[in-house]
Amino acid sequence: MRRNILFASPGVLLAAGWLLGCAPRQSPSELRWESLRQEMVSRQIEARGIRNPRVLAAMRSVPRHVFVPEPFRSEAYGDSPLPIGDGQTISQPYIVALMTELAGPQPSDRALEVGTGSGYQAAVLANLVREVYSVEILEALAHEAAKLIRSLGYDNITLRVGDGYAGWPEKAPFDLILVTAAPERVPEALLDQLASGGRMVVPVGQEGGVQSLELIRKKPEGTGEIDLLSLDLDGVDYWIWEAIDVVVPRVVVVEYQDILGPDRSWTVPYSDDFSSASYPTTNGMPNFAGA
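Residue numbers are given in this note's numbering: position 282 of the sequence shown equals residue 282, and the series is strictly consecutive.
If you're looking for bench data, these hints aren't it; they were derived computationally from the structure. You may find that some hints are simply not true.
With a straight-line Cα cutoff of 20 Å, these simulated SDA-like cross-link-like pairs (lysine to any residue) come out [unchecked claim]:
| id | residue 1 | residue 2 |
| --- | --- | --- |
| 1 | K171 | A140 |
| 2 | K171 | L82 |
| 3 | K147 | T89 |
| 4 | K219 | A182 |
| 5 | K171 | L191 |
| 6 | K171 | Q206 |
| 7 | K171 | R110 |
| 8 | K171 | D155 |
| 9 | K219 | A181 |
| 10 | K219 | S196 |
| 11 | K147 | P187 |
| 12 | K171 | P71 |
| 13 | K147 | P69 |
| 14 | K147 | K219 |
| 15 | K219 | S108 |
| 16 | K219 | P173 |
| 17 | K171 | V204 |
| 18 | K219 | A172 |
| 19 | K219 | P187 |
| 20 | K219 | R110 |
| 21 | K171 | S151 |
Throw the hints in and build the complete structure from the sequences for me.
Written out as structure tokens, the structure reads:
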């Protein structure tokens, strides 16, 4: 079977193809990595409330350790981010799974990832959507990610070197956008490139400060909303966010601090103009499976 991946440096797309043979029998080392990966999903991801079976299957199948540099590879399935060079990190497995689940990936979706990094998030997405377009501003990281993705045989990922906050207008619109590098505010270009009915998951906030993880949905009529979740990425402080519906395709955010009620639900106090909303929790984390 021939598989292809496209890699684009500024202004140039390079196509590469290769042949995949029959999958070899797993070595003891590979079996050990497989065991650690299953344990990671069970203890770190399912235990914290991730329920989407397709997301869980993707997290079980993508070999995270190959995206981690050799000095840190033994920690690849640990519950933390790890350095990948150039001052960047591969995200904590739970954060990858959480952002992916919140985005609600569908098999027919076209996805944009802002911040390729190691390529791990792109590989997870590639198991869940039709096409993945990923932009990385650091050329060395982008080339390394391209080699790794190519070695794994993905044929639905296209990489590009550039400013991810500008998106990829030639390939827009996108059904979902995942932003792995936190801006201080949601870039207008990404909102413009989100398809009608599309979803964007983005951490927002100053570097070194509290960053809120926001789910943005663009309504079919062209209005925007932010809803469901905002949380500090260290897992300490939580907020629920809602947005006012607007008649132009822009996002207006209203923040309400949450109150954790005695029934362990996340209850948001609204003014008289809003109806209350609550979400059940699993192991202390909001569970949005029924939201």
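Evaluated hints:
1. As the CA atoms of K171 and A140 are separated by approximately 23 Å, the hinted pair breaks the 20 Å bound.
2. Between K171 and L82 the alpha-carbon distance is near 31 Å, which puts this suggested pair outside the 20 Å criterion.
3. Distance check on the hinted pair: K147 and T89 sit about 18 Å apart at the alpha-carbon level, within 20 Å; holds.
4. A threshold of 20 Å between alpha carbons decides the hint, and for K219 with A182 the separation of about 23 Å lies outside it, so the pair is violated.
5. Our distance criterion of 20 Å between C-alpha atoms is met by K171 and L191, whose separation comes to about 14 Å.
6. A distance of roughly 29 Å separates the Cα atoms of K171 and Q206; the hinted pair therefore is violated under the 20 Å criterion.
7. About 9 Å separates the Cα atoms of K171 and R110, which keeps this hinted pair within 20 Å; it holds.
8. Between K171 and D155, the direct Cα distance comes to roughly 17 Å. Compliance with the 20 Å bound is thereby established for this hinted pair.
9. Straight-line distance between C-alpha atoms of K219 and A181 comes to about 24 Å, which puts the hinted pair past the 20 Å bound.
10. The suggested pairing of K219 with S196 holds, with an alpha-carbon distance near 6 Å, which does not exceed 20 Å.
11. Of the supplied pair hints, the one linking K147 and P187 is violated, its CA atoms being roughly 29 Å apart against a limit of 20 Å.
12. A distance of roughly 37 Å separates the Cα atoms of K171 and P71; the hinted pair therefore is violated under the 20 Å criterion.
13. Note on K147 and P69: the hinted pairing holds, with a Cα-Cα distance of about 13 Å set against a maximum of 20 Å.
14. Taken as a hint, the K147 and K219 pair is broken in the structure, with Cα atoms around 37 Å apart against an allowance of 20 Å.
15. Taken as a hint, the K219 and S108 pair is honoured in the structure, with Cα atoms around 18 Å apart against an allowance of 20 Å.
16. Of the pairs offered as hints, the one joining K219 and P173 holds, with about 14 Å between alpha carbons and a cut-off of 20 Å not exceeded.
17. Among the hinted pairs, K171 with V204 is inconsistent with the structure: their alpha-carbon atoms are about 24 Å apart, more than 20 Å.
18. A hinted pair counts as satisfied when its Cα atoms are at most 20 Å apart, and K219 with A172 qualifies at roughly 17 Å.
19. Between K219 and P187 the alpha-carbon distance is near 18 Å, which keeps this suggested pair within the 20 Å criterion.
20. For the given pair, K219 sits about 17 Å from R110 by alpha-carbon distance, which is consistent with the 20 Å threshold.
21. A hinted pair counts as satisfied when its Cα atoms are at most 20 Å apart, and K171 with S151 does not qualify at roughly 25 Å.
When held up to the earlier numbered hints, the structure conflicts with 1, 2, 4, 6, 9, 11, 12, 14, 17, 21 and fits the remainder.
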